[in-house]
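Chemist: Okay, here's what each chain looks like letter by letter:
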Amino acid sequence: MSSELIRQDDVTIRFAGDSGDGMQLTGTQFTDTTAKVGNDLATFPDFPSEIRAPAGTRAGVSGFQIHFSSRDIYTPGDSPSVLVAMNPAALAENYKDIQPGAIIVVNTGSFTERDLKRAGLDSNPLTDGTLTGFRVIEEDINQRTIEALEGTTLGKKDVLRCKNFYTLGMMYWLFSRPCEPTFEWLDKKFAKKPELADANQRALKAGFNHGELLRLFQGRYEVPKVENVTPGTYRNIMGNQGLAIGLATGAHLAGLKAFLGSYPITPATDILQYMSLMKNYDVITCQMEDEIAGICTAIGASYAGRLGMTTTSGPGLALKTEALGLAVITELPLVVVNVQRAGPSTGLPTKVEQADLLQSVFGRNGEAPIPVLACRCPADAFECAVEACRIATQYMTPVILLSDNYIANGAEPWKLPEMESLTEFPVEFVTDPEGFTPYNRDEKLARGWAKPGTPGLQHRIGGLEKDSETGNVSHDPDNHQHMVQLRQDKIMGVRNSIPTPAVNGPDSGELLVIAWGSTYGATRAAVERMQAEGTAVSHMHMRHLWPFPNGLKEIFANFKRIIIPELNMGQLARIMTSEYPEFRFETYSKVKGKPFQAFELKNHFVKILEEKS
Amino acid sequence: MSEVQQLKAKDYKSDQEVRWCPGCGDYSILSGVQSTLAEMGIPKENLVMVSGIGCSSRFPYYMDTYGFHGIHGRANAIATGVQAANPDLQVWVITGDGDGLSIGGNHMIHSLRRNVDMKIILFNNEIYGLTKGQYSPTSPQGLRTKTSPYGSVDAPFNPLQLALGAGATFVARTLDVRPKHMKAVLKAAAEHKGAAFVEVWQNCVIFNDGAFKGWTEKKVRDELTIDLEAGQPMVFGAEKDKGLKAEGCHVSVVPAAEATNWDPTVDSAGPAFLMTQLDYDPSLPRPMGVFRQVERPTLGGLIHEQINDVTAKNGEGELKDLLYTPDCWEVK
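Protein chains in written order, with the working numbering: chain A, 0 to 612; chain B, 454 to 785.
FYI, nobody ran anything at the bench for these hints, they're computed from the structure. Idealized CB from N, CA, C, for every residue including glycine. Just to be clear, a hint being listed does not mean it is correct.
Quick look at which bits of chain A chain B covers, simulated, 3 or more residues with Cβ under 8 Å [stated by the list, open to error]:
#, region
1, 21-32
2, 224-235
3, 315-325
4, 396-410
5, 426-439
6, 455-461
7, 478-486
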C-alpha cells in the first residue's frame, strides 16, 4: 500500500442521499465495522417522514451521521469532517453543516441538469463556487459501479442500486476499515440471492480498490482503536432495541411475564417490532386498534398478573391520558414508554424534541402522580427500562419512561451487563384470603396484587374512588382526601429508592449544567471541554424526573449558577423552579427538531460566564 | 381435592347494595347472570367482570367475582388484555349502547373481529341514562331527548348488524322482561368459545320508559316478536300458528307448517343478517334469541398457540441470548 496513513483521533462522516439510495444501510454497515475495529462511536440517522418523497428532491434526502473516535465520545458529532453526497439535493441540504476544509465526496453521476432541477438548484454547486473552502472529491459513482459489475446478470436498475456499497468501499479505504464484516453480512443477508450478494460485494471491493488506484484522496486515515476500554462484552445498540430488551428483562427480573399492548407510531414502533420477535421469552405483544386500546389491554393484562407495558410517542401519550389515570387509581403496575418526537400535534414526526416532560409529569385529570424517568443514550436504554419495571412493580404504579427520536435511532457500543449482576425484584402476589382487602398496603404504601384465578380473593377495582380500608366504592370526602394523599405519598416515596445523581466535575463552582434525556451527550462533551480549559463548571445528569431524587438542594447550593439545556422551552427548569424556589434555574432552549451540538452548548456556557464577570 | 360445592345465585352477589333506579331493567340482567353462572357452576375466582362507564357498568361491583370497572368505552380493550394474559379466565364485558357502541365502538368491533373469548352483554336502552337523558347511537331517529329537543336527526345503529359485520362468532338478542329467555341466551353465550355478543333490550324507567314496550308487552309480544331456536321451524304467535319463510333476501309470514328451519350455525352470516332486517319491516315480528353461533379460533388461544409453536421451534428463550447476540465483541 503506497498511501501513508494519517492518524486522526476523531472523525464524523455524514452519508447523505436520496431516500432510495440506501444511506441508512451504508451508515449501519460502516457503524458495525467501525465498532469491530474498536473505535468508540455514536450515530444519528436523519430521515424524512415521507417514506419515498419524489426522487432527487430535498424533501427526500436521507442522512446518516457517524462519529467515531479513538477516545470515549458522547455524541454523534457536531460538524462532519466528511460529507458523502449522492445527489445535488443531498449536497444542498447538508454542506452548510460541515466543517470548513472538510472532505466532500460527490457522486457526479447524479449531477445532470435534471438532477439539479429536482433539487431546486439554478446553478451547479460543483462549479458555481458554493463549495469553496472544501476538499471536493468528484467521482462518477454510478459509472464506476456499472463498470465494476460488468458482465453481471442484473439489470441496470439493480446494478445502480449497488452504488451505496461502492461508496461504502471508498469510505472503508479512506478510513482503513476492513471489508470482510460487510462481505459476511451480505452473504447472510442474500443467502437466497447469491447474485445480489456477489454484486454488492464486487461494488464494495471496487470502491475500496479505487480509493487506492484512482488516487482520489490526498491521503488515507487511520483512527486507532480506543485504548483502556473497560473490559467486557460489547455490542452496538440502538435506543429502541435497548428498550425492548430492557422491558423483557425487567419483567423477567420481577418474576413476571411481559405483555405489550401497543399501536405503531413513529419513532416508537421498533420496540413493538422487536418485542414481537420475543415469543419464546414469555412476551405477549398485541398490536391493538388504537393507542387507547394499547394501554387498556396492558392495564387488563396487569390486572390478570402479567407486567403490562405500552409504547408510544407524544400524540399517543395524549390519547392514553385517561387510561393512565385509571392505572393510577387502580394502582396497577404499568410501564409506558414515550419515545418523544417534535410536536405539537403531528409536529415533526421524525425529528427530536423533549417537550413531553410536563405532559408526562402532570398531564392528567385529577391528582394523578406518576414516576417519570428518561434514558440518556442508546446504551442507557436497557437499564432505564429495567428501572421502570422495578418502580412499577415495587410501587404498584404506572411509570412513564421517556426516550426520544435521537436515542431511538442512534446507535453506540453498549457494554453488556453480566447476567449475574442483574438484581431481581420478584413480585409476590397475594394469595391468602385472611384479612384481604384490595388496598392493604406494604411499608412502601404499595397495595397488594391479587390476580384473578386466586380463590377467595375476588375483589373489584376501577376508576371510582375506593374506601381505603374496604376497597368498596366510596364518595366519602375524608376518604378521598386520604386516598389522594396516600397515592401522592406513595409516589413521592419512590425517591427513597433512587440514588442522588453524581456530579461530573468539581462539586462546587461557577456553573452547574443539568441535563436530562438525550441532551446528556452534548452537555457532557461541552462541559468536559470547558473543564479541560480550566473552567469551574460541572455537569449533572437527571435520570429520574419525578419524583426528584433526594439530595439535590445540597448540590445546587454549591454552585453560583445553574443552567438546564433542553430541547423544549424550559420544561425541566420550570418544574425545578417550582420544587426548589430558592434557586434560579436558567434555560438554554432549542426546538429545531435537531439535537444540541456540543460546541453550541459550550459557546453558550462560556458566553454567560463571561457576561457575568 | 376440594369438594365440589353447589353454588347458588346468591353466592355470586357481592355485599354491595345494588343502586339502580327502582324498576330498572338492569336488576333482571344482574339476577339472570347470577343464576346462569350458578347453574353452570363457574368458580367465582375464575370470573372477571369488566365494564366501562354508564349505569350498566356498575355491574361488576354487585358481583362477588373479580371485577374491573374501567373507563368509558374501553371495557372491551381491558377485557382483551385480561383474556390474552390468562385465557383460562372467563371474562364478561358489561356495557351499554353508549359505552359499547358510541365511545367504545372501535374497541367493540375489533374485539369481535379478533374473536376474543368473552361474553359481551350490551344493555340497550336507547338512551344515555347516567348523564340523565340524552340520545344514544341506538335511539330511533326523531327521539326527543335533552340534547335533541326537536327530535334526534341521527340514524341509529342496529347492534346486531354491527356485531355481525364485525365478524362476531356469536350474536344474540334477549330482553329484560323475559328472564327465562334471557337465561337461555346467557347460558348459550357463556358456553360459546369466542366473542359472544348479546344485546339485551333493557328498559330505562326514568329517561326512556317503554322504548321497547311496543314489542315486549305481554299482549303484543307473541305476535310482534319471534324466538329463534336452533334446528326448529321459525314459528310465532300466541297459538304458534304462524311461521316465517326465508327465500333469498325475502322473509314472509306463512302458516306454521311452511316455516323455514332456523340454523344459526351455518358458515354464512347471510341468514343472520337477513333476520336482522326484520326490525325494519313493521309487518314482521322482531327476532329474539341466537342469530349466529359459529366456531373460530380465539385470540387468546391463537396467541398462546403461537408462543408454544415458536418456543417449540426456537427453544425456551434464555434471557442472556437477548443481550449477548452473535454480533457482540469482547474487549480484554
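Chemist: Now look at each hint and say whether the structure bears it out.
Modeler: Structure-based check of each hint:
Here the region 21-32 of chain A counts 1 residues with a CB under 8 Å from a CB of chain B, which misses the bar of 3, and the coverage is violated. Check result for the region 224-235 of chain A against chain B: holds, 8 residues qualifying (beta carbon to beta carbon below 8 Å, three or more required). Counting residues of the region 315-325 of chain A whose CB falls under 8 Å from any CB of chain B gives 4; the rule of at least 3 is met. Residue count for the region 396-410 of chain A with a Cβ under 8 Å from a Cβ of chain B: 0. That is fewer than the three needed, and the coverage hint is violated.
With 0 residues having a beta carbon nearer than 8 Å to a beta carbon of chain B, the region 426-439 of chain A misses the requirement of three or more and the stated coverage is violated. For a cut-off of 8 Å, the count of residues in the region 455-461 of chain A with a CB near a CB of chain B stands at 7, and the three-residue condition holds. A count of 0 residues in the region 478-486 of chain A with a Cβ less than 8 Å from any Cβ of chain B is obtained; the coverage claim is therefore unmet, three being the minimum.
Checked against the numbered hints above, the structure breaks hints 1, 4, 5, 7 and satisfies the rest.
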